[in-house]
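Trainee: Can you make the complete structure from the sequences, with help from the hints?
Same order as they appear, the protein sequences are chains A and B. Note that the first sequence covers residues 23 to 252 in our numbering. Note that the second sequence covers residues 36 to 354 in our numbering.
Source of the hints: derived by calculation from the structure; they are not laboratory data. Think of the CB as a built atom: it goes at the ideal place given N, C-alpha and C, for glycine as much as any other residue. Keep in mind that the hints are not guaranteed to be accurate.
Claimed, not checked - Residues on chain A that point at chain B, a partial pick, calculated with CB under 7 angstroms: (1) Gln41; (2) Val45; (3) Ala48; (4) Ile131; (5) Pro132; (6) Ile137; (7) Ala139; (8) Phe146; (9) Thr148.
Said to hold, decoys possible - Every beta carbon over 10 angstroms from chain B, so not counted as near; a handful from chain A, in silico: (10) Gly65; (11) Met79; (12) Gly89; (13) Ser90; (14) Leu99; (15) Asn114; (16) Leu121; (17) Arg123; (18) Glu124; (19) Leu175; (20) Leu178; (21) Gly201; (22) Ala206; (23) Tyr207; (24) Gly216; (25) Ala245.
Said to hold, decoys possible - Chain A is nowhere near these chain B residues, computed Cβ spacing over 10 angstroms in every case: (26) Ala66; (27) Ser91; (28) Ala137; (29) Phe160; (30) Gln191; (31) Ile194; (32) Thr201; (33) Ser243; (34) Asp289; (35) Gly291; (36) Thr296; (37) Leu309; (38) Ser321.
Spelled out from the first residue to the last, the chains are:
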Amino acid sequence: MHPSASLVLLAAPAGISTQVLQVLGALLLLTAFATVAARHINGAIGIYAIQSFALAMVAVVVGYFTGSSDLYIVAVLTVIVKCGAIAWILRNVTNRLHLQREARPYLTIPVSLLICALLTLLAFFTSPAVVAPGTFLNEPPLAISIAMVLIGLFLLSSRRHAVIQVIGLLTIENGLFSGAIAIAYGMPLIVEFGILFDILIAVIVMSLLVTLIQRELITADTANLQRLKG
Amino acid sequence: MVQLALFQGLQILTVLICAPLLRGIINRLKAMVQSKRGPSIWQPYRDLWKLLRKGSVVSEHASWVYHAAPLFSFITPLIVAMLIPVLTAYPLPYAFMGDMLAGGFILSLGGFFTSLAALDTASTFGGMGSSRARVVSLLAEPVVILILFSVTLIAQVTIPFAVNQTLISTAYLFNPAHWLLAAALFMVILAETGRIPVDNPSSTFELSMIESSRTLEYSGQELALMEWGGAMRFFVLLTILLNVLTAPWGLAPDGGTNALTVLIAVVTLLFKMLVICCVIVVIESSIAKWRFFRIPEFLGTAVILAALAIVFFYLTRLS
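Mentor: Have a look at this one:
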C-alpha cells in the first residue's frame, strides 16, 4: 500500500477507534478491580472470562483499524482458549474444592481496592515515560495494561487461596497481552500461538497442583504450605 | 417573566405529584417479578390520602425538633427541585440560587433533621436507626463530594443546567469518565435512599431497619409528610442522575417552551424513571440486603469508580 494511503486510513477513524478503545480499556480495568473485589472464586473466574472477552474485542478493534488480519485470529483464539478452556478448567477445579472463597484474607476488600487504585495511579503516571511518541494508540491502553500487571501482582501476593493466585497470574498475562497490542499492534502470530498454548498448559499444571495441595492439606489455602519447609 | 415563574412552579408540582408514583411502580414491578399481582401503582397516593386525614399520637417528651423534622423532610426536596433541570433545558430564575453542592447540602439537611427527630423521643429503634443512617451518610458524603467535584472538573461549571450539556457533547458522551461517574452516583443514591443492598425498604423487622426506623414514632399527617418527603427525595436524586448526568433528552428547549413541550418533558421524564425503576427492581430482586458491616465495601466501590473516572478524564484530555 502507498504510504500516504495508509496514513489516511489511520487518521480518519482515529476519533471513533480511540473512543471505542477507551470504553474497552475502562472495561478491562474495571474487570481487574472486580477480580480483586470478588468474594467467591467462581465469580472471579467469570469476571476473568469477561476480561478476556474485552481483550479479544480490543484485538478486533485494533485489527480493524490497522488492517492486520492476524489480530482477528488472535481474538478468536483468545476467546476459545481464555473464555472457554481456561475458565472451564478453573471452574472444574474450584467446584471440587472445599473452600469456595477466600477464608481469611490478609487484607480486607476495601483496603485491597484502595491499594489497587493507588497502583493504577502509579501506572498512569509512569506510562507516558515508557511509551514511544507518535504511536497510533496513545497512552491510555498502555497505562491500563501496566495497571493490570500491577493489580495481578498484587492479587498474587496478597491472597492465600491457590485459585485466586492463578487468576492473579492470568491477569498479569492479560495485561501484558493488551500492552503488546497497545505498543506494537500485537506480536507475530506464531508468538501469540506460543503464549496462548503456554498459558493453557500452565493453567492445567496449576490446577493439578491445586488438586494435589487440596489432597495433602485438605484446603487450597497456600498459607499452610509454609509448614512444608525443611 | 410570568411564564418562567409558571414553569418554575410546574417543575415543583411535577416533583410533588409524580414522586409517590415511583414507589408504586417499583412495588408493583417487584410483585410482578415474584409472580404476584401486587398493589396498584396508585397505592402510595391512597396511603398518603388516608394518613393526611388521621390525627397523630405524639410522645409527651417530644420537643419542637420532632414537629419540625417532617416539614424539613417535605420542603428540602422541593427547594432542590428549583435548582435542577426537571422539565426545562435552560435555567429558570431560581436556578442560580445555588449550585450542585448547595443542592446536596439542602438534601442532607432534611436527613439531618430526620435523624435528630428520631433521637428526640428517645425511642430505642429510632436511636439505632439514626445512628446507622448517620454511618451510611458519613460514608456516602465523601463519595458525593468526589462525584460532584469530578463532574465540575469535566464541565468547568457547577450549575446543573450547564453540566448536562457538556456531558452529552460528543467529546464526553462515550467517555468512560462520564459513565463511571454515573454508576458511582447511582450506587450512592441506592445507599442514601435506603434501597437494597444497603437497606431493605419493604422490611417490617425493626432490628434490621435503617431508613424506616427513623420514622417509626410518627403517625397521621406528620407520617404522611415524612413518607411524601422521602419519596420526593428519591425522585429528585433520580432526576439528578437522569437529567444531569446520563440522559438529558426530551427537556423543553429554550425559546420553544409551550404546553406541548412541557407535556413531552413530563412524559419523557416519567419514561426515563420507568427505565431506572426496572433497573432497581432487577437489582432488588436478584440480590439480598448486605450485612451492615459490608456497606463500606459497597460505598468503597463507588469511591473507586469515581476516582477511576478522574484518572480517565485526565488521560483522555491528554491524548
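Trainee: It remains to establish, for every hint, whether it holds in the given structure.
Mentor: Results of checking the hints against the structure:
no., hint, verdict
1, Gln41, "holds, 5 angstroms"
2, Val45, "holds, 6 angstroms"
3, Ala48, "holds, 3 angstroms"
4, Ile131, "holds, 5 angstroms"
5, Pro132, "holds, 4 angstroms"
6, Ile137, "violated, 11 angstroms"
7, Ala139, "holds, 5 angstroms"
8, Phe146, "holds, 6 angstroms"
9, Thr148, "violated, 13 angstroms"
10, Gly65, "holds, 12 angstroms"
11, Met79, "holds, 14 angstroms"
12, Gly89, "holds, 22 angstroms"
13, Ser90, "holds, 22 angstroms"
14, Leu99, "holds, 27 angstroms"
15, Asn114, "holds, 26 angstroms"
16, Leu121, "holds, 20 angstroms"
17, Arg123, "holds, 14 angstroms"
18, Glu124, "holds, 14 angstroms"
19, Leu175, "holds, 18 angstroms"
20, Leu178, "holds, 20 angstroms"
21, Gly201, "holds, 15 angstroms"
22, Ala206, "holds, 18 angstroms"
23, Tyr207, "holds, 17 angstroms"
24, Gly216, "holds, 32 angstroms"
25, Ala245, "holds, 23 angstroms"
26, Ala66, "holds, 29 angstroms"
27, Ser91, "holds, 42 angstroms"
28, Ala137, "holds, 29 angstroms"
29, Phe160, "holds, 28 angstroms"
30, Gln191, "holds, 20 angstroms"
31, Ile194, "holds, 27 angstroms"
32, Thr201, "holds, 16 angstroms"
33, Ser243, "holds, 21 angstroms"
34, Asp289, "holds, 29 angstroms"
35, Gly291, "holds, 31 angstroms"
36, Thr296, "holds, 31 angstroms"
37, Leu309, "holds, 26 angstroms"
38, Ser321, "holds, 14 angstroms"
Against the hints set out earlier in the document, violations occur for numbers 6 and 9.
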